[in-house]
Structure formats: structure tokens, C-alpha cells
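Visitor: One letter stands for each residue in the lines below.
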Amino acid sequence: MKNIVIQLETLSCPTCAAKIEGALKKTAGVKDPSVLFNTSRVKLAYDEQVIQPEEVTKVISKLGYGTLSVKET
Amino acid sequence: MKKLSKKTLVILVSILVVISYALHKTIGYHPLTISIMLVSTAIAGGPILRRAISALRYRIVGIDALVSIAVIGALIIGEYWEAAAVTFLFMIGDYLESRTLEKTRSSLKSLMDLAPETARVRIDGVEQTLSPNELKKGMVLVIKPGERIAADGVVLEGSAYVDQASITGEPVPVFKELGEQIFSGTIITSGYLIVEATQVGEATTFAKILHLVEEAQDAKAPTQKFIEKFSRYYTPAIIVLSIITYLISRDVHMALTLLVIACPGALVISVPVSIVAAIGSSAKNGILVKGGEVIEKLSRVQAAAFDKTGTLTEGKPSVVSLHAYGLSQEELLRIAVIGETYSEHPLATAIIKEAADRGVETSDVPQNPEHIQGKGVSFTLEGESYFIGNRALFEENGIDLAVALEDIYREEHERRTAVIVGTSERVIGLIGIADKLREEAFEVIRELKKLGIKKSVMFTGDSKGTAETVAHTLQLDDFLYELLPEHKVEAVKDLQKKYGSVAFIGDGINDAPSLATADVGIAIGAAGNDVAMETADVVLLGQKLSALVDAISISRMAVKNMKQNIFFAIGVAATLLVGVLLGGVTLSIGMLVHELSVLLVIINATRILRFAKRKKYTIL
Numbered sequence: 001m002k003n004i005v006i007q008l009e010t011l012s013c014p015t016c017a018a019k020i021e022g023a024l025k026k027t028a029g030v031k032d033p034s035v036l037f038n039t040s041r042v043k044l045a046y047d048e049q050v051i052q053p054e055e056v057t058k059v060i061s062k063l064g065y066g067t068l069s070v071k072e073t
Numbered sequence: 074m075k076k077l078s079k080k081t082l083v084i085l086v087s088i089l090v091v092i093s094y095a096l097h098k099t100i101g102y103h104p105l106t107i108s109i110m111l112v113s114t115a116i117a118g119g120p121i122l123r124r125a126i127s128a129l130r131y132r133i134v135g136i137d138a139l140v141s142i143a144v145i146g147a148l149i150i151g152e153y154w155e156a157a158a159v160t161f162l163f164m165i166g167d168y169l170e171s172r173t174l175e176k177t178r179s180s181l182k183s184l185m186d187l188a189p190e191t192a193r194v195r196i197d198g199v200e201q202t203l204s205p206n207e208l209k210k211g212m213v214l215v216i217k218p219g220e221r222i223a224a225d226g227v228v229l230e231g232s233a234y235v236d237q238a239s240i241t242g243e244p245v246p247v248f249k250e251l252g253e254q255i256f257s258g259t260i261i262t263s264g265y266l267i268v269e270a271t272q273v274g275e276a277t278t279f280a281k282i283l284h285l286v287e288e289a290q291d292a293k294a295p296t297q298k299f300i301e302k303f304s305r306y307y308t309p310a311i312i313v314l315s316i317i318t319y320l321i322s323r324d325v326h327m328a329l330t331l332l333v334i335a336c337p338g339a340l341v342i343s344v345p346v347s348i349v350a351a352i353g354s355s356a357k358n359g360i361l362v363k364g365g366e367v368i369e370k371l372s373r374v375q376a377a378a379f380d381k382t383g384t385l386t387e388g389k390p391s392v393v394s395l396h397a398y399g400l401s402q403e404e405l406l407r408i409a410v411i412g413e414t415y416s417e418h419p420l421a422t423a424i425i426k427e428a429a430d431r432g433v434e435t436s437d438v439p440q441n442p443e444h445i446q447g448k449g450v451s452f453t454l455e456g457e458s459y460f461i462g463n464r465a466l467f468e469e470n471g472i473d474l475a476v477a478l479e480d481i482y483r484e485e486h487e488r489r490t491a492v493i494v495g496t497s498e499r500v501i502g503l504i505g506i507a508d509k510l511r512e513e514a515f516e517v518i519r520e521l522k523k524l525g526i527k528k529s530v531m532f533t534g535d536s537k538g539t540a541e542t543v544a545h546t547l548q549l550d551d552f553l554y555e556l557l558p559e560h561k562v563e564a565v566k567d568l569q570k571k572y573g574s575v576a577f578i579g580d581g582i583n584d585a586p587s588l589a590t591a592d593v594g595i596a597i598g599a600a601g602n603d604v605a606m607e608t609a610d611v612v613l614l615g616q617k618l619s620a621l622v623d624a625i626s627i628s629r630m631a632v633k634n635m636k637q638n639i640f641f642a643i644g645v646a647a648t649l650l651v652g653v654l655l656g657g658v659t660l661s662i663g664m665l666v667h668e669l670s671v672l673l674v675i676i677n678a679t680r681i682l683r684f685a686k687r688k689k690y691t692i693l
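As given, the protein sequences belong to chains Y and S, one line each in that order.
The first sequence: position 19 = 19 (my numbering), numbered continuously.
The second sequence: position 295 = 368 (my numbering), numbered continuously.
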């Protein structure tokens with residue numbers, strides 16, 4: 001398990017945050033995702049055997065939200 | 074299309090909408106009008122539809138879905154203008170909202186911009202520039218005027234005025250010299266410093282503050298949690314309601330309009346914008362508030378319990394009175410400073426500081442200095458022998474105290490320590506030393522009463538007499554004396570039983586349990602004190618007790634702001650609903666009003682940022 005923080009483009013509605021969180025929760029290999037609305041960030045843990053950070057950001061961009069950076073913590 | 078920026082898209086769609094509107098008014102629903110409207114709808118609406126579909130795949134029905142259904146519906150029944158207008162308004166609304174949201178977050182962003190970018194270090198006598206994350210503990214930093222300090226450290230050499238606003242919120246630069254602590258993220262305004270790094274990178278106070286502030290922004294308020302739960306069921310419910318409306322009225326337009334006006338946009342954003350603005354303006358004033366829940370609790374505080382030492386007082390002894398018999402006060406101080414040159418006693422430190430503050434300078438040193446345990450010192454200066462110490466020292470040496478006796482009694486009555494200065498024949502002066510009350514303490518207690526705090530109580534380990542004097546001077550409602558730390562926790566609990574919500578204000582030294590027990594634990598002067606920064610709910614980073622009043626005022630303003638936003642959002646939705654049912658509110662008008670209401674909610678929250686600035690000058 002590895003932890004990452006993904007910086008998103010500014011989120012303009014809290015429901016977007018809920019949407020991203022919901023989608024990530026249903027993504028295999030992603031654990032405990034939390035989307036922080038005010039800071040426009042996503043914190044999550046992922047299983048590197050199952051999924052790579054690039055695939056995680058793909059899930060988010062598919063929902064229509066741009067990602068700016070991915071940082072390991 | 075992806076390459077075009079949001080701004081370009083907004084401009085493009087605006088032009089298309091204006092042209093199509095003009096055509097609509099002149100030549101009506103001509104094929105040309107319709108095709109321009111369709112292009113505009115496709116550009117503005119495409120992303121909305123895409124987001125709606127991808128969300129549906131995860132079984133989430135959001136605002137995007139509501140808008141998409143409404144737009145597709147409008148196209149099916151041939152309302153091309155409505156479709157173009159709704160998508161355009163939604164797009165421009167979204168754009169303006171993210172711009173204004175940036176503003177509510179701007180004070181936090183400016184805080185983060187204060188992170189130092191380079192550090193000049195001296196290694197083996199050679200100066201070189203490093204990036205802050207290459208710094209290591211123990212490195213020697215050289216900082217010149219206008220430069221930002223890149224690590225926490227201790228001054229080895231030099232002196233300077235340091236602007237600590239980024240940490241403590243104090244607008245006035247602070248003088249720093251040998252041995253004093255300096256913080257990463259602060260700026261030298263004049264002078265220069267050579268500093269040994271004691272904490273670097275993520276371990277610095279500045280980095281910790283940033284981290285805590287970041288966490289705080291998304292620590293949700295109970296109200297926010299409630300609204301989020303509410304909107305999860307609300308949106309699907311609206312779709313059902315819209316279908317029912319259609320089944321009853323057979324009016325497609327009305328059913329679609331219902332979808333648009335019922336978007337909970339303004340409601341869901343009402344709480345987080347107020348919270349983030351409040352946390353931002355607090356941070357700007359040197360106040361760290363740990364999240365929405367703390368803001369709500371702080372606004373409801375009924376009673377305030379203060380620790381005495383270090384909170385109501387400065388926490389270190391200082392000279393509060395000077396009596397000179399037959400010589401000037403400056404001369405008395407000069408003799409006292411020379412006598413105390415080699416002493417590290419806190420009382421000596423207080424005397425030396427007082428002399429420095431009054432500009433009394435001397436490089437003379439005492440001859441034959443002798444330390445008399447528990448009594449004071451004796452020494453020779455310019456052929457005369459002197460004593461500095463307590464009554465016992467003078468009585469023992471048979472020096473007549475008569476001239477100073479009245480003053481000594483007064484000092485003792487005021488619970489100060491009387492330091493007597495004399496020659497082998499007579500007393501020449503008396504220095505009263507006490508842990509001084511903070512200058513603004515009286516004013517703060519009065520302000521709290523004005524804010525409706527029912528009870529201000531002082532906790533202290535001191536004896537009754539000392540406690541009574543302080544409580545009386547500050548006009549506190551009550552005081553508890555001879556308390557041990559564990560008693561303080563019990564005392565906080567008692568207050569909670571009587572008054573409900575209680576704030577405990579301490580300096581974070583020996584009072585962490587009380588900070589944790591109170592509904593709101595507030596630590597003062599906590600920059601650099603990790604335990605206090607961790608335990609307290611509200612951290613006053615500077616040494617100004619008046620920040621407490623600021624913190625409560627901002628929290629009250631934020632909660633009021635939140636309520637205004639919630640009522641406004643619900644009010645607008647209800648009004649629109651009536652408008653739709655009575656007829657007259659079209660799709661595009663509904664969307665316009667909805668987007669405006671979201672914008673107004675955000676703009677309302679930005680008022681919190683201005684309030685804090687204005688308040689700062691009226692309180693201090």
C-alpha cells in the first residue's frame with residue numbers, strides 16, 4: 001500500500017468532490033479515498049499490485065476533472 | 074477542443090449565444106439560428122453531459138445529470154434557445170464561481186507562497202545558496218535584509234528586525250539578537266543575522282502551521298455533513314418530483330424547469346465557502362483554527378477559563394516599579410546591572426532587560442563579586458561596596474532599611490518581589506519585580522463581556538492573595554487558586570456543567586489536559602510549541618491575547634454568514650419553485666437565478682476576509 005495526494009484543478013462544487021470520491025471508492029486497488037473540496041485535493045492509498053497512480057488520475061479525468069500533480073506521501 | 078482554455082470557451086460560447094439571440098429576435102427559428110444554437114449548446118453542454126454520464130456509471134446523480142436531462146428535453150421539444158441559454162449560463166456560472174472561490178481561498182494561498190525558496194548557508198567559511206530542502210540541522214545560515222529565513226533556528230551573531238507576520242500575525246517587526254529563536258518563513262526587514270538551524274523542512278513551525286491549516290480547511294463542520302447527506306437524497310428526489318409534475322400537468326417545459334431550479338448548488342456550497350474564508354482570515358491574523366467544527370463550537374462559547382501564568386501574565390518576571398533614594402533611576406539601574414552581570418537568576422534577567430529597554434548601557438564589571446545563596450550578591454564598584462538582594466541580606470549586614478521600609482511593605486502587599494540595592498551604609502534603591510499582566514488582558518476581558526461571554530474565570534496555582542489581586546485588577550468574574558494541573562481539568566468540567574460550552578485558554582505549558590477537555594482549547598503564544606499546536610483547537614501563534622477576541626469574532630461572523638447563505642439558498646429555491654408552478658419562470662431564467670444565487674453565496678463569504686482586516690485596528 002502506498003499513499004498519494006493528487007492535486008486537482010479548482011473544484012467549484014462540493015458535489016463534484018462527492019462524485020470523485022464515490023468513483024474512487026468503486027475503483028479496485030484504491031483504499032480510503034477522500035476528496036478535499038477546499039484544497040481541491042484527493043488523498044488515497046493504493047495497492048501497487050493492482051493499480052498505478054496514472055490509472056487513478058485517469059478515473060478522475062474521465063469524470064471531467066483535471067489533475068495537476070501527484071505526490072507520494 | 075481540449076486545448077482551448079476555459080476562458081476561451083466561455084468567450085466563444087458567449088459570442089455564439091449573442092448572435093443566435095439576435096437572429097432569433099429578427100429572423101426567428103431560421104435553420105441558421107437553430108444551427109448556431111445547437112453548436113453553442115454542444116460546446117457548452119458537451120462537458121456537462123460527459124460528466125453526467127461518467128458519474129452515472131458510478132451510480133451518482135448530480136447537478137450535471139439534472140442539467141443534462143433538462144437540456145436534452147428542451148432540444149426534443151424544440152426549445153433550442155432555452156437549451157443554448159441554459160448550457161451557456163451553467164458554463165459561465167461555473168467559470169465565475171471557480172474564480173470567486175479562488176478569492177475565498179486566496180489568503181491561505183498567500184500564506185503558502187511565503188515558503189522560502191532559497192537559503193544561503195556558510196560551510197567552512199564559504200557562502201553558498203541551497204534549496205530549503207537541502208538544509209540540515211546545525212547548518213549555519215546567513216540572512217540579509219529583505220530575505221526570508223529558510224529554517225527555524227537560534228541567532229549566533231548579529232541583530233535584526235524580523236517581520237514575523239507570517240507566523241504570529243503581528244504587523245510590527247520584532248527585534249532579534251544573540252540567542253533568540255527565529256522562525257522559518259519570517260523576513261528580516263533590517264539588520265543581518267547568522268543563525269544556526271535547529272529545525273528544517275517539514276519540522277519547522279512554519280511547515281507545521283501550513284500543514285495544520287491545510288487539514289483544517291477540509292475538516293467538515295457538522296452543518297456541512299448534514300447538508301451533504303441531504304443533497305445525496307435530494308437530487309434523485311427532484312427527478313422523481315419532476316416526473317410526477319409531468320404526469321399531472323403534462324407540461325414538459327415546467328417539468329424540465331423544475332429540474333434546473335432545484336439544483337442544490339448554492340446550498341451545498343454555503344457552508345464550505347464561509348468556513349474556508351474564516352480559516353483564511355484567521356490565519357492571516359496569526360490564528361490557527363482547526364476546521365469547521367471548531368468554528369461552530371467557538372462561536373457558541375459561553376464561559377472562558379484562563380490559565381494565569383503565561384496567559385493573563387507574560388509568564389516571565391519583569392521590572393514593574395523603581396524607587397531610587399538620592400540618585401537617578403538610571404544610575405540605580407546601572408549599578409544594579411553591573412552587580413548582576415554574572416547572575417543568571419530570572420530576577421537578574423528582568424533587571425538587565427529593563428536597563429536595556431531604558432537605554433542604560435554599561436561595560437563596567439563588578440570587582441570581588443560574591444553570590445550569597447538565597448539572599449543576593451555583594452560586589453565592589455569604584456571603591457564602594459554594594460549589596461543587591463532581599464531583606465535578610467541587609468538585616469544580616471546591619472544596614473538600616475528605614476528609608477525604604479514603606480516602599481518594601483507596599484511591594485510585598487502588591488505581591489511583588491522587592492529587590493533592594495544598597496551600599497554598606499544605606500539603601501539606595503528598590504526594584505519591584507513581578508510577572509507582569511499582559512497589557513491588553515483587561516481590555517480582552519471587557520471585550521469578551523461585550524461579546525456575551527457569561528463568565529471569565531482564572532485558574533492558578535498561586536496562593537489566594539496573589540490570585541485575588543490579579544482577578545480584581547482584570548475584573549474577572551471568578552478565580553480558582555492553588556490548583557494543580559489535574560484540578561484544572563476538574564474545574565473545566567464544572568464550568569461545562571454550569572455553562573455548557575467552555576473555552577480554556579492556556580499557554581500550552583503544563584495545561585494540555587485542560588486544553589483537551591474544554592469544548593474549545595485555545596493555546597496562546599504557541600508558535601514553536603509542538604504539543605500546544607497539536608492539542609489545541611485554536612492556536613494563537615503570537616503573544617497577543619487580543620487575538621482571542623478576533624478568533625471569537627471571526628467564528629461568530631462565519632456562523633452568521635453560513636446561516637445567511639443557507640437561508641438565502643433555500644429561499645431562492647422556494648421562490649423559484651413557486652414561480653415555476655405559477656408559470657412565468659422559464660428554463661433560462663431559472664438557470665440564471667440559480668447561478669446568480671451561487672455567486673452571491675460565494676461573494677457573501679468573501680466579506681469574512683474584509684471583516685477581519687477592519688476589526689484588527691479597532692481592537693488593538
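Keep in mind that the hints were calculated from the coordinates and are not lab data.
Hints may contain errors.
[Claimed, not checked] Dumping the calculated DSSO-like pairs for lysine-lysine here, alpha-carbon to alpha-carbon at most 27 Å:
1. LYS31(Y) with LYS302(S)
2. LYS31(Y) with LYS71(Y)
3. LYS62(Y) with LYS528(S)
Visitor: State for each hint whether it applies.
Guide: A quick look at each hint next to the structure:
1. LYS31(Y) with LYS302(S): 22 Å, holds
2. LYS31(Y) with LYS71(Y): 16 Å, holds
3. LYS62(Y) with LYS528(S): 55 Å, violated
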